[in-house]
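> Chain by chain, the residues run as shown.
Protein chains: 2
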Amino acid sequence: MTAVVSFSDLKRVCGNCSLRELCLPYGISATDLKQLEQMVQRLSPIARGKPLFQQGDPLRSIFAIRTGSVKSVTVAEDGAEQITGFHFPGELVGFDAIAADVHDCSVVALEDTSVCEIPFDRLDELSGSVPGLRRQLMRLLSREIQQDQQMLLLLGKKGSEARLAAFLLSLSSRFVGRGLSASRFHLSMSRGEIANYLGLAMETISRLLARFQQDGLMTVDGREVTLLDLPRLHVVADMGGEGGGLTRRREG
Amino acid sequence: MTAVVSFSDLKRVCGNCSLRELCLPYGISATDLKQLEQMVQRLSPIARGKPLFQQGDPLRSIFAIRTGSVKSVTVAEDGAEQITGFHFPGELVGFDAIAADVHDCSVVALEDTSVCEIPFDRLDELSGSVPGLRRQLMRLLSREIQQDQQMLLLLGKKGSEARLAAFLLSLSSRFVGRGLSASRFHLSMSRGEIANYLGLAMETISRLLARFQQDGLMTVDGREVTLLDLPRLHVVADMGGEGGGLTRRREG
DNA sequence: AAAGCACCTTGACCTGGATCAAAGTCGGGT
DNA sequence: ACCCGACTTTGATCCAGGTCAAGGTGCTTT
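Chains as they are written, first to last, in this note's numbering: chain A, 1 to 252; chain B, 1 to 252.
Check before you lean on any hint, since a few could be wrong.
Stated by the list, open to error - Output of the computed footprint for chain A on chain B, the stretches with three or more beta carbons under 8 angstroms from beta carbons of chain A:
#	stretch
1	45 to 52
2	79 to 87
3	97 to 104
4	174 to 188
What the hints assert, rightly or not - Calculated Cβ distances over 10 angstroms to all of chain A for the following chain B residues:
#	residue
5	Thr31
6	Lys34
7	Arg122
8	Arg211
9	Gly216
10	Pro231
Derived by calculation from the structure, the hints in this document are not laboratory data.
Note that the Cβ used here is the ideal one computed from N, Cα and C, for glycine as well.
Kindly generate the complete structure, drawing on both the sequences and the hints.
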């Protein structure tokens with residue numbers, strides 16, 4: 001092991017590429033970092049609506065979103081499509097494919113999007129020699145499990161208002177992490193995509209947004225959104241359990 | 001690296017413990033295996049209703065179910081409980097905790113259950129020196145992501161019949177994997193727990209089981225279940241998408 | 001064998017959100 | 001400027017599944 005790389009060195013290498021998330025806090029040596037740097041390729045931007053990879057494609061690489069945004073979509077045998085996630089700069093996609101070496105969802109750009117490609121076998125190899133990288137990879141996989149399970153709770157136990165509020169708050173907190181505004185942002189996905197993601201009908205999203213606005217929780221102008229009352233949105237997002245006021249019985 | 005261990009050696013070491021799933025097909029050396037063997041501890045059986053670990057506990061170990069069965073439960077801030085999974089012999093639990101070093105679900109025994117405990121930091125350490133083990137760990141994490149996303153599709157897009165049918169088929173195929181009958185088995189969870197897991201009301205489960213029986217799809221006697229028509233159950237499980245006959249519009 | 005309890009079933013009714021329908025809005029192309 | 005197609009809003013109606021209520025069923029305890 002050679003010297004640990006400084007923060008500024010890293011910034012030079014990855015810029016604000018999301019890969020710094022992958023390696024930063026875990027002490028990577030200069031040689032290891034060089035290897036990591038060399039394995040990453042910048043792809044030409046993906047146009048809105050174009051897939052980064054598709055369900056059924058063999059696992060070749062993991063991708064990091066640099067700019068723009070994407071959705072991941074799973075289609076069932078019967079043709080039903082479920083959006084399983086939206087991803088923004090600094091986030092990685094493709095982890096679903098490790099289990100079977102085949103992607104079981106498609107990832108599609110919601111707007112013009114640039115990504116970095118990380119060939120998986122090289123990443124795997126390097127993670128053998130860099131314990132911090134291995135831990136970080138596992139952490140990322142585990143985080144995805146957590147998020148999906150949080151989503152299961154949302155779909156299994158919460159009503160439409162709580163779902164939408166939770167969705168807006170999730171976007172907000174992720175934008176904050178990127179140094180953007182917590183309360184004012186642009187939705188890169190359509191109402192229909194939000195609806196699909198939350199297991200609701202498009203019309204319901206439309207009505208809910210109108211109601212939230214009317215209740216002073218937020219402002220909506222097309223896809224431009226301003227959250228006016230974060231605390232109350234949190235209350236709405238937490239509604240619907242047996243702990244709160246209005247119960248919603250479901251188990252015996 | 002010393003000699004690769006034979007299948008029979010492995011059987012001696014892990015018996016039919018689920019850990020063989022973790023290491024078997026990936027060529028582990030005798031010394032490595034010895035290390036793995038030494039790190040695994042057999043816990044005294046967990047009584048029905050007792051937790052293996054609880055939401056909020058720090059990550060210490062991963063657990064492999066040896067006999068019996070467990071459920072994992074997440075409780076939201078508002079008190080709503082969501083069962084995020086059922087686990088049977090040969091399956092591992094605890095992966096959710098890697099991201100934050102804290103378990104974000106509780107795992108509770110559905111019947112008297114015996115498990116093996118695998119201290120996580122030792123597993124992590126060993127996985128550094130054994131590439132096959134590392135790959136297998138990643139595969140397991142990734143598989144959990146896949147399963148959760150499959151579940152998201154179920155909760156987001158399918159009706160009650162499809163959910164229950166898919167649930168029964170999932171149990172069936174998992175039991176087959178353990179060498180048990182695909183069509184005849186015992187439910188170790190209550191109707192209420194099934195309902196909670198599937199995002200339905202207990203009464204709905206009860207009614208659906210009655211209807212499935214009446215339709216000749218299966219036989220129910222308390223918690224004893226016999227699947228009579230696997231193919232038709234598959235059809236029911238796949239219902240509800242825009243590809244099939246009866247549509248269920250949701251996106252624009 | 002009676003009581004107690006946890007679990008399950010069945011029926012009657014209600015409601016949240018889906019579906020159907022019909023305009024309205026906006027951005028991009030010619 | 002105008003048109004076109006994709007997206008969004010809003011209203012009316014419907015229904016799958018939740019909720020409420022009232023018994024069963026069967027196991028364990030005494």
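> Each hint: holds or not?
Consistency of the hints with the structure:
1. 45 to 52: Since 0 is below three, the answer is violated.
2. 79 to 87: Holds, because 5 residues of the stretch 79 to 87 of chain B bring their Cβ atoms closer than 8 angstroms to Cβ atoms of chain A.
3. 97 to 104: holds (count 5)
4. 174 to 188: Violated - the stretch 174 to 188 of chain B has 0 residues with a Cβ nearer than 8 angstroms to chain A, which falls short of three.
5. Thr31: holds (17 angstroms)
6. Lys34: holds (20 angstroms)
7. Arg122: Consistent with the label, Arg122(B) stays out of reach of chain A, its closest Cβ about 13 angstroms off (over 10 angstroms).
8. Arg211: holds (19 angstroms)
9. Gly216: holds (22 angstroms)
10. Pro231: Holds, because the least Cβ-Cβ distance between Pro231(B) and chain A comes to about 14 angstroms, which exceeds 10 angstroms.
In terms of the numbered hints stated before, the structure departs from hints 1 and 4, listed from lowest to highest.
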